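Student: With the hints as constraints, model all of the structure from the sequences given.
Protein chains in written order, with my numbering: chain A, 1 to 281; chain B, 1001 to 1363; chain C, 2001 to 2293.
Possibly wrong hints are sitting among the right ones.
[What the hints assert, rightly or not] With a Cα cut of at most 25 angstroms, we get these calculated BS3-like pairs of lysine-lysine:
1. B:Lys1108 - B:Lys1120
2. C:Lys2200 - B:Lys1105
3. B:Lys1074 - C:Lys2185
4. B:Lys1074 - B:Lys1105
5. C:Lys2200 - B:Lys1102
6. B:Lys1070 - C:Lys2107
[As the list claims (entries may be wrong)] Chain C residues, not near chain B, derived (Cβ > 10 angstroms throughout):
7. Asp2152
8. Ala2196
9. Phe2202
10. Leu2209
11. Asn2254
12. Gln2260
13. Thr2280
Treat the hints as calculated values from the structure; they're not laboratory data.
Remember, predicted model here, so these are calculated numbers, not experimental data.
Cβ atoms here follow ideal geometry from the backbone N, Cα and C, with glycine treated the same way.
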Amino acid sequence: MVENRPWLTFFSHLTVIVGVLVIAFPIWVTFVASTHDQVTMLHSPIPLLPGSHLIENYTKILTQGYNAKSMPVLGMMMNSMIMALGVAIGKILISIISAFAIVYFRFPLRMLCFWAIFVTLMLPVEVRIVPTYGVVANLGMVDTYPGLIIPLIASATATFLFRQFFLSVPDELAEAARVDGAGPLRFFRDILLPMSRTSIAALFVIQFIYGWNQYLWPLLITTKESFYTIVMNVSRQANIQDSAPQWNLLMAMAMLAMLPPVAVVVFMQRLFVRGLVETEK
Amino acid sequence: MAQVHLRGVQKTYDNKVDVIHGIDMEIADGEFIVIVGPSGCGKSTLLRMVAGLEKITGGEVAIGDRVVNKLEPKDRDIAMVFQNYALYPHMSVYANMAYGLKIRKLSKEEIDGRVRKAAKMLELEKLLDRTPRQLSGGQRQRVAMGRALVREPSVFLFDEPLSNLDAKLRVQMRLEIKRLQRELGVTSVYVTHDQVEAMTLADRLIVMNAGVAEQIGTPMDVYERPSSVFVAGFIGSPAMNFLAAKVGEDSRTVDLAGTGSGKVTLLLAQATTAAPGTPIALGIRPEHLLPSSDGPLEFDIEMAEPLGADTLLHGRFGAARELVTVREGGNVQAKSGEKRRFSVGTTRLHLFDSQTGKRIADA
Amino acid sequence: MEKRVTFNERLLPYLLIAPQMAITLVFFFWPSGQAIRQSLLLEDAFGGSTKFVWFDNFTALFSDPAYFASVRLTLVFSALVATLGLAVSLLLAVMADRVIRGASVYKTFLIWPYAVAPAVAGVLWGFLFNPSVGLVTWMLRGVGVDFNYVIDGNQALLLIIVASVWNQVSYNFLFFLAGLQSIPKSLIEAAAIDGAGPGKRFWDIVFPLLSPTAFFLLVVNIIYAFFGTFGVVGSLTQGGPARATEILVWKVYNDGFRGQDLGSSSAQSVILMLAVILLTVAQFRFIERRVHY
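Tutor: Encoded structure:
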């Protein structure tokens, strides 16, 4: 469009750049802090440019742990990875078959199941945290991977996404499959599943981030340090009452805690955005 | 009311792609100009440059005596009807039409007067309180026109406004637009890919192809004396037939390949400037081939398409390779394999240079 | 919406839906039921005796000034987080949408805070504003502002608001950007021809068409402020100082796990559950009325 308002374009760029800088600022400071030694961190103001201890700090926490008493961060990242993958894969698995059942079959109790699942959309785990912990403890699942993973896959966001997607698949496909002699499971495996690939990928991205970033649940469910996840541990270590944190190492741990989800968002941006938008419809 | 002047108008996109190569035209006050051409020829781009929705890379556009290159759309005193109507979905029909006037701070009475006048002209009076969602395609199109009308601009711009309507509505609306324009006498520039719309609406046409104005003229000019193979083939339906031929001796005849080892010679109304023996593309419109028992053109019928009012016959002349269409009036009984003879009026022969596709002038 | 074609199997659908139903029953309905049950009980701290007390826990809450303080705090907090979050992200989205070149680069840089866990966000901002070594604290001291969120309740609240908004901006930004890009360009052009400048075009055309998205985001942001910010509070202030940042969801956790008052905590859970249900119902209701063009 012909518009004689160049200053507006300039202003637009400026605003966005300022926005980007403000958004990036905390992360930059954290990164910088993770590359210095402990002594530098105790003087205010702390430097704005990276130091030279990057490799040293990260190696230390990955292999030896944050301090003398804690376990190597690498192990914690493994726990987080197991949890995140477990949540993502588990949720997708149970949801896709449930959605298939709800959409492609008529059976008594169908609507009841549908509404029961629907209700789970409404209550995040924080609201029912106390009794959920009680249930899990009673089942003896404290300090176990299943205990970390399974209660989190109860919510129905994935089921709804798949349901919507299946509803948009033309009826003719199922009819053709029937005429060809394929039963429901074959139809599911050979036709529906391949078509759902992008939805599955998009959902996987969102759920992975969700699982990795869990704080409250791992905090409660794990008592043994060997099960700690990195996100909850970063928070824990930042708030130890008796001593000031070793900021450089703590920030290194924070960087590691952020790394996988951020990498996923940046490198799978399109899938991520699609997953976000579709999940919330 | 104003004239519109296009002088050497050019459009280049920053990756050095030339989209419009220089268009020159003087549009008189009150004229209805149609820019017609196939998809991608640049007609919409040209219109949008006049509107101010695209920057003009080269040349100038003037409305009245003002050069408008640097002016924003709202300062050019134009109004536009978009292909998808672009009605504000959250406003009523009345508000849609009043919006531009409100911004220009006209008085309430003035706005009301203009909106109701336009609504009356377009039969929208009963729909003023509805929202676009509640209207049919044809109604929405009329609201879009109403929005342009109330502004009382110097120039109306139409960007393929009828493309989204069904065939019957299109014919109806075409007549309405023509009638309105006649009544109001506002200079109008109308873009379409439909040559029927172009022929029926235009005082003059610009036939565009790949960013170039192939011909500018009245509908009859363009029909009777197309300046290139492209224009000849684009205007008129069914399309003009093209036959490979050679200029005959004295440049007063053309020779076609005939049956057997002979050739068919057709007399031209006027001598041509091309030298004898020059290879040409000979254009003959389907409707200008007249059945004649002793005509020079022997036609082998391959297929007949009865349309009711006319019949289309598809076949070949003698040894010529090209498939030719003949349009005969009425229901002609014809079968595949039959032979018919046709003649053609001397003024109905169009000669085009085989290489350049341009019309070859008469001597 | 129903499928016209379904398969005729008896057992299969039950088998397919069983895993999700099982998990939902065990880890959703059972605890929720427990919450309701426990909210009606008064339990001995050591699990000794339990007494059925009807709605005593609820009435105790309603006469507890600390609870009302928490309710008010949560409302203020979510209002601020939601409006700030929406305003900032709308501004960024509008500006990013205008910029044709570089839009996708900006987008990449603006969306990755979403990937940061609220708990980690809390740690980051705590570091920036740390009373002793915080970079921003030092800068503020330079202009004469003494910032110590460990002591000052209002500052603590401000900090968790900033951290929460920071975390949520990308999400809002993405949806606003998608909303802006779904407005047909021809509408904007028509408005330009009608004579509207950029400002008028935004308020008269863009904003009304964006309002369904805005409303949807408002509800999402409120729910986020209510629950998703748990990690932020946990990492930064743990509800302090002196309850200044004790939002409702934190209180549920704190009273239940730290204070061992299961009855009160369960009652609070139940009240929160009702609040969320209302919010979600409101959200679904209004989503149905989205403008379609």
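Student: Against this structure, judge whether each hint is valid.
Tutor: These are the hints, each one checked on the structure:
no., hint, in the structure
1, B:Lys1108 - B:Lys1120, "holds (18 angstroms)"
2, C:Lys2200 - B:Lys1105, "holds (13 angstroms)"
3, B:Lys1074 - C:Lys2185, "holds (16 angstroms)"
4, B:Lys1074 - B:Lys1105, "holds (13 angstroms)"
5, C:Lys2200 - B:Lys1102, "holds (11 angstroms)"
6, B:Lys1070 - C:Lys2107, "violated (32 angstroms)"
7, Asp2152, "holds (46 angstroms)"
8, Ala2196, "violated (6 angstroms)"
9, Phe2202, "holds (13 angstroms)"
10, Leu2209, "violated (6 angstroms)"
11, Asn2254, "holds (46 angstroms)"
12, Gln2260, "holds (54 angstroms)"
13, Thr2280, "holds (26 angstroms)"
Violated hints for the displayed structure, listed by number in ascending order: 6, 8, 10.
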